[in-house]
Each structure stands twice: as structure tokens, then as C-alpha cells.
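Going line by line, the protein sequences match chains B and P. Just so we're aligned: 691 in the numbering used here is position 43 of the first sequence, and the numbers increase by one with no gaps anywhere. Just so we're aligned: 655 in the numbering used here is position 7 of the second sequence, and the numbers increase by one with no gaps anywhere.
Quick caveat, the hints were computed from the structure, so don't treat them as lab data. Worth double-checking, as some hints may not be accurate.
Partner residues are not named here, just some residues of chain P that face chain B (Cβ under 10 angstroms, in silico) [stated by the list, open to error]: (1) Leu663; (2) Ile665; (3) Pro674; (4) Leu677; (5) Asn683; (6) Phe686; (7) Asp698; (8) Ser702; (9) Leu703; (10) Ser706; (11) Gly710; (12) Leu712; (13) Arg759; (14) Cys767.
Label pairs and their calculated CB-CB ranges [claimed, not checked]: (15) P:Asp717 <-> B:Arg755: 42 to 48 angstroms; (16) B:Gly737 <-> P:Ala656: 34 to 40 angstroms; (17) B:Ala754 <-> P:Gln812: 31 to 37 angstroms; (18) B:Ser724 <-> P:Pro685: 23 to 29 angstroms.
No residue lacks a Cβ here, since even glycine has one placed at the ideal position from N, Cα and C.
One letter stands for each residue in the lines below.
Number of protein chains: 2
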Amino acid sequence: MDINAVNALTYEEFLEIFGNVVEKCPIILAAIWSNHPFRGIADIEAQISDFIDSLPESGKEGILRCHPDLSLPAVSLTRDSVDEQRAAGLVCMDSGERTLLLELCARYRQRFGFPFVICARANSVESIGRALRERVNRERAQERERGIEEVKKICSLRLRQILQPHAERSTNTTKL
Amino acid sequence: MDINAVNALTYEEFLEIFGNVVEKCPIILAAIWSNHPFRGIADIEAQISDFIDSLPESGKEGILRCHPDLSLPAVSLTRDSVDEQRAAGLVCMDSGERTLLLELCARYRQRFGFPFVICARANSVESIGRALRERVNRERAQERERGIEEVKKICSLRLRQILQPHAERSTNTTKL
Numbered sequence: 649m650d651i652n653a654v655n656a657l658t659y660e661e662f663l664e665i666f667g668n669v670v671e672k673c674p675i676i677l678a679a680i681w682s683n684h685p686f687r688g689i690a691d692i693e694a695q696i697s698d699f700i701d702s703l704p705e706s707g708k709e710g711i712l713r714c715h716p717d718l719s720l721p722a723v724s725l726t727r728d729s730v731d732e733q734r735a736a737g738l739v740c741m742d743s744g745e746r747t748l749l750l751e752l753c754a755r756y757r758q759r760f761g762f763p764f765v766i767c768a769r770a771n772s773v774e775s776i777g778r779a780l781r782e783r784v785n786r787e788r789a790q791e792r793e794r795g796i797e798e799v800k801k802i803c804s805l806r807l808r809q810i811l812q813p814h815a816e817r818s819t820n821t822t823k824l
Numbered sequence: 649m650d651i652n653a654v655n656a657l658t659y660e661e662f663l664e665i666f667g668n669v670v671e672k673c674p675i676i677l678a679a680i681w682s683n684h685p686f687r688g689i690a691d692i693e694a695q696i697s698d699f700i701d702s703l704p705e706s707g708k709e710g711i712l713r714c715h716p717d718l719s720l721p722a723v724s725l726t727r728d729s730v731d732e733q734r735a736a737g738l739v740c741m742d743s744g745e746r747t748l749l750l751e752l753c754a755r756y757r758q759r760f761g762f763p764f765v766i767c768a769r770a771n772s773v774e775s776i777g778r779a780l781r782e783r784v785n786r787e788r789a790q791e792r793e794r795g796i797e798e799v800k801k802i803c804s805l806r807l808r809q810i811l812q813p814h815a816e817r818s819t820n821t822t823k824l
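Produce the entire structure from the sequences given, and follow the hints as far as they go.
Pasting the structure below:
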């Protein structure tokens, strides 16, 4: 799908296709629709990023709270999250790894009041475990910013998945 | 439900109960969760209002775009919207009224790029028709602000419906 095709969409079609590039926050895409037509994928990405940056700190935490815990059962996840967690190998952890991840995620959420967010597609079970152990000890403001950086990475990959699916095909072939 | 009961909720319970007080914008409730415990219903309402006011103009338009057109079939509406449209008598319009409302709503959306939003519970078919005919000719910035005022009225009534259901019971008995 090229940018001309995106600009030819109705609002309803746009929201249907792009509504979840920031997990469960269709309002962000509903907002940037105010500035269409878009100049390209980089323009869409920049507008999403600027919108997120314009939010008060509570709004950034709100975005993080719209994300699932990493080790939730697939049934409660969006399709996007399932694919991403699969790509990181999170669906084939053994029960010991899963228990450890669950405990760390719970400690993280308990400490900060929002879930641990990481771009699963850019990570493996090992690197996610390492990041969790490190990040769980940081300060709230630091983690709010770090979480939002990860939200933007996830968003960028989801946008590319929609707009340049062939370039991303390789990450899709990861086996269950 | 009193404010102590609200403050005793987990985040998941809070979102389940209050997530739709601003139509399809759970992120707003996810955001104000950063400031819990709440001092009372007025505190929750003020925090939602402040959060909305803090958004860039595109964000306010995004909120309006998360609202349904007034005359959509019930199947595509949230439960809250169905109840509200029923209270305003919108479900028992004759086909002439419905066609006129549809046309005006389409003209409004075409002109402003967001749907006509009005607090249905505070209106009747007649007053909604009057408001539509008036508001469809205004300026976009004016309608953005007016729409957001209506969003806040809807939110206020939804909050009271949850927190003081007995005081609101009378609006619930409207027949189909």
C-alpha cells in the first residue's frame, strides 16, 4: 500500500487498517486524521510521535496501560500483539521461563503502575528478560519515557508491516 | 458505588467499569488512573475534563471522531450510546425524520471532518434536529469546542449513572 492509496481511504477504512498501530489507542490515529493527506510513511510516523509527545505525563502512562502484560494468554491479546510475542519466541518459553517473566512483569507493574512495554519484534526471550531485570529497578519518570520509546518502535514496525509488507515478510515466517 | 469503592478497584476493574465514559476513549481513563485515589465524583470529572483540555486540537477532533453518527443502526453502537439514543427518542423516529437526520449528519461530517456530537439524554428528536440545522453552518473551531462540551456532558451523565444509579433511574425507564 503506497501513500496515495492511504490518502484515498475514507476515515473508517483508515481507522480499520491503522487504528491499532499504537496498541488499543485508536484515538491517536483518529487525531492525526485531522492532518491528512499524509506526505509519506515518515510523515504518519512523525505525526503519531508528535501527538504522543504532546500528551501530559498521565497520558503517556495511559498509553502504556493500554498495552498487555508480556505473558498474558494469547486469547486476551490483539492479533498484532500475538504476532509480535510469537516473533520474540515468547509463545514457546518453558514453564520456568514463563513463571520468571510473570513474576518480573508483576513486580514492574506493582512498582510503576503501568506494564512493562518492549518492542518484542526487536528482541528475544533472553534480551527481554535482561531488559526486565534492569528496568524494574529504575525510576518511574525514566521508565515512562523508555516505555514510550518502545511504543514508538512497535508503532514504526506495525506501520511498515502495513505499508511495506514485503520488506517485513521475513519476521512473519517464525514458526510457532 | 461510592468513591471509596471506586478507590478500592484494581486498574482492570476501574477500566472495565469507567472505560467508556468518554465514548471509545479508554485511554483517557487509563491516563487519569495516574492520579488515583480520587477525592470524589467531581474530582474524576474534573480530571477527565482537564485531560481533554490539555490535548492539541487534533486530539479533541480525535475524540469527536470516536463518537458514532446519531442515526447509525444499533448494532454498531456501544451499549451506552444505544441507551442514550433511546432516551432521546431517536430509536422511534419515523422514516422521514430518520432520512432528514441522516442527511444533516452526513453534511455536518462532510463539512467538519468529524461527526455531530450532542448529549442525547439532555435532548429530544426535535431539539437535536434544531441543533443540527444550526450547528452545521458554523465554523470548524467553534464546532470542535461545542462538540467537546457535549462530550463532557455525556461523560458527566455516564459517571453519575455508574456512581449514583438511583438518582438517574428515571431516564432508564424510557420505553422502546
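message: Less than 10 angstroms between beta-carbons is the criterion; does Leu712 (chain P) satisfy it with respect to chain B?
response: Holds, about 8 angstroms.
- prompt: With 10 angstroms as the cut and Cβ atoms as the points, is Leu703 (chain P) at the interface with chain B?
  reply: OK, holds: Leu703 (chain P) within 10 angstroms of chain B, min 8 angstroms.
- prompt: Has the hinted range 23 to 29 angstroms been met by the Cβ atoms of Ser724 (chain B) and Pro685 (chain P)?
  reply: holds (27 angstroms)
task: Tell me if Asp698 (chain P) is really an interface residue toward chain B, meaning its C-beta lies closer than 10 angstroms to one of theirs.
output: holds (9 angstroms)
task: Have a go at the Leu677 (chain P) hint: is there a Cβ in chain B nearer than 10 angstroms to its own Cβ?
output: holds (8 angstroms)
Interface hint for Arg759 (chain P), Cβ within 10 angstroms of any Cβ on chain B: Interface hint status for Arg759 (chain P): violated (14 angstroms vs cutoff 10 angstroms).
- prompt: Against chain B, with CB atoms and a cut of 10 angstroms, does the hint on Gly710 (chain P) hold up?
  reply: holds (3 angstroms)
- prompt: Would the stated hint for Ser702 (chain P) survive a check requiring a Cβ distance to chain B of less than 10 angstroms?
  reply: holds (5 angstroms)
Beta-carbon spacing of Ala754 (chain B) to Gln812 (chain P) - inside the hinted bounds 31 to 37 angstroms or not: holds (35 angstroms)
message: Tell me if the interface restraint on Cys767 (chain P) is satisfied: Cβ within less than 10 angstroms of some Cβ in chain B.
response: At 20 angstroms from the nearest chain B Cβ, Cys767 (chain P) fails the 10 angstroms test, so the hint is violated.
message: Tell me if the interface restraint on Ser706 (chain P) is satisfied: Cβ within less than 10 angstroms of some Cβ in chain B.
response: holds (4 angstroms)
message: Can you verify the interface hint for Leu663 (chain P): is its Cβ closer than 10 angstroms to any Cβ in chain B?
response: holds (8 angstroms)
Hints 2, 6, 13, 14, counting from the list given before, are not met by this structure.
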